[in-house]
Amino acid sequence: APGEQVLTHGDFRIGNLLVTSDGLNGIVDWEYAHIGDPLEDLAWPSIRDWRYGNGELKLGGIAKDREGFVKAYEGASQRKVDRKALNWWEVVSNLRWAVACLSQANRHLKGGDTNVELASLGRHSAEMQLEMLRLIGEIGV
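In this note's numbering, the protein residues as written are 12 to 152.
These are computed hints drawn from the structure, not numbers from a lab.
It cannot be assumed that every hint is accurate.
Said to hold, decoys possible - Straight-line alpha carbon distances no greater than 25 Å define the calculated DMTMM-like cross-link-like pairs of lysine to aspartate or glutamate that follow: (1) Lys95 <-> Glu15; (2) Lys91 <-> Asp22; (3) Lys75 <-> Asp33; (4) Lys82 <-> Asp60; (5) Lys91 <-> Glu78; (6) Lys95 <-> Asp48; (7) Lys95 <-> Glu149; (8) Lys82 <-> Asp48; (9) Lys95 <-> Glu138; (10) Lys91 <-> Asp76; (11) Lys91 <-> Asp48; (12) Lys82 <-> Asp33; (13) Lys95 <-> Glu78; (14) Lys95 <-> Asp76; (15) Lys82 <-> Glu15; (16) Lys121 <-> Glu138; (17) Lys91 <-> Glu15; (18) Lys75 <-> Glu138; (19) Lys75 <-> Asp93; (20) Lys75 <-> Glu149; (21) Lys95 <-> Glu85.
Unchecked claim - Cβ-Cβ distance ranges computed for the label pairs, FRET-style: (22) Gly122 <-> Leu18: 34 to 40 Å; (23) Asn36 <-> Asn117: 32 to 38 Å; (24) Asp93 <-> His45: 37 to 43 Å.
Idealized CB from N, CA, C, for every residue including glycine.
The task is simple: from the sequences and hints, build the whole structure.
So this is what it looks like as structure tokens:
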């Protein structure tokens with residue numbers, strides 16, 4: 012069932028955080044912001060692509076798991092996070108990025124926006140699809 016509806020960032024991940032020696036200084040790239048389930052933003056930094064080659068570091072390539080992140084969110088928001096629903100959002104997030112990667116590669120392949128970065132994103136889709144299958148097998152979503 013849909014959860015509470017809030018303003019979500021839509022691309023909340025390590026690459027969109029501005030961090031200084033004083034801590035979090037800002038969050039950038041709000042072009043995907045929308046009203047949605049807050050679990051969407053909590054799951055997004057766990058997708059495979061945001062691990063940047065550190066596959067064992069499930070949270071954005073910086074932490075083995077996201078439990079500390081989720082507990083900090085619960086403490087700050089006073090909301091209890093349904094871990095099963097969060098797992099579902101992780102599967103959906105990998106699907107979302109798999110489709111986006113194919114779309115970006117297609118922009119390059121059709122010649123509308125020839126760009127090596129766009130072309131390379133096509134291969135990421137298969138990685139996201141494999142991650143979805145792994146997650147479904149692991150957590151039974």
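Structure-based check of each hint:
Taking the CA atoms of Lys95 and Glu15, the gap is about 15 Å. The hint holds against a cut of 25 Å. Using a Cα cut-off of 25 Å, the hinted pair Lys91 and Asp22 holds, with the two alpha carbons roughly 22 Å apart. Using a Cα cut-off of 25 Å, the hinted pair Lys75 and Asp33 holds, with the two alpha carbons roughly 24 Å apart. Of the supplied pair hints, the one linking Lys82 and Asp60 holds, its CA atoms being roughly 23 Å apart against a limit of 25 Å.
With a CA separation close to 13 Å, the supplied pair Lys91 and Glu78 stays within the 25 Å bound. Using a Cα cut-off of 25 Å, the hinted pair Lys95 and Asp48 holds, with the two alpha carbons roughly 14 Å apart. Between Lys95 and Glu149, the direct Cα distance comes to roughly 12 Å. Compliance with the 25 Å bound is thereby established for this hinted pair. At most 25 Å may separate the alpha-carbon atoms for a hinted pair to count; Lys82 and Asp48 meet this at roughly 17 Å.
Note on Lys95 and Glu138: the hinted pairing holds, with a Cα-Cα distance of about 23 Å set against a maximum of 25 Å. This hinted pair checks out: Lys91 and Asp76 have alpha carbons roughly 18 Å apart, not beyond 25 Å. Straight-line distance between C-alpha atoms of Lys91 and Asp48 comes to about 13 Å, which keeps the hinted pair within the 25 Å bound. Note on Lys82 and Asp33: the hinted pairing holds, with a Cα-Cα distance of about 21 Å set against a maximum of 25 Å.
A C-alpha spacing of about 13 Å is found between Lys95 and Glu78, which places the hinted pair at or below 25 Å, so the restraint holds. A hinted pair counts as satisfied when its Cα atoms are at most 25 Å apart, and Lys95 with Asp76 qualifies at roughly 15 Å. Between the alpha carbons of Lys82 and Glu15 the distance comes to roughly 18 Å, so the proposed pair stays at or under 25 Å and holds. For the proposed pair Lys121 and Glu138, the alpha carbon gap of about 22 Å is at most 25 Å, so the pair holds.
Using a Cα cut-off of 25 Å, the hinted pair Lys91 and Glu15 holds, with the two alpha carbons roughly 11 Å apart. Annotation: proposed proximity of Lys75 to Glu138 holds, straight-line Cα distance about 19 Å (limit 25 Å). At roughly 20 Å between alpha-carbon atoms, Lys75 and Asp93 fall within 25 Å of each other, so this suggested pair holds. The straight-line distance between the Cα atoms of Lys75 and Glu149 is roughly 16 Å, inside the 25 Å bound, and the hint therefore holds.
Only pairs whose Cα atoms come within 25 Å are accepted, and Lys95 paired with Glu85 is accepted, the gap being roughly 15 Å. Between Gly122 and Leu18 the Cβ separation comes to about 37 Å, which falls inside the hinted range of 34 to 40 Å. A C-beta distance of roughly 36 Å is found between Asn36 and Asn117, which places it inside the suggested range of 32 to 38 Å. Taking the beta carbon of each, Asp93 and His45 are about 21 Å apart, not inside 37 to 43 Å as hinted.
Violated hint for the displayed structure: number 24, the only one.
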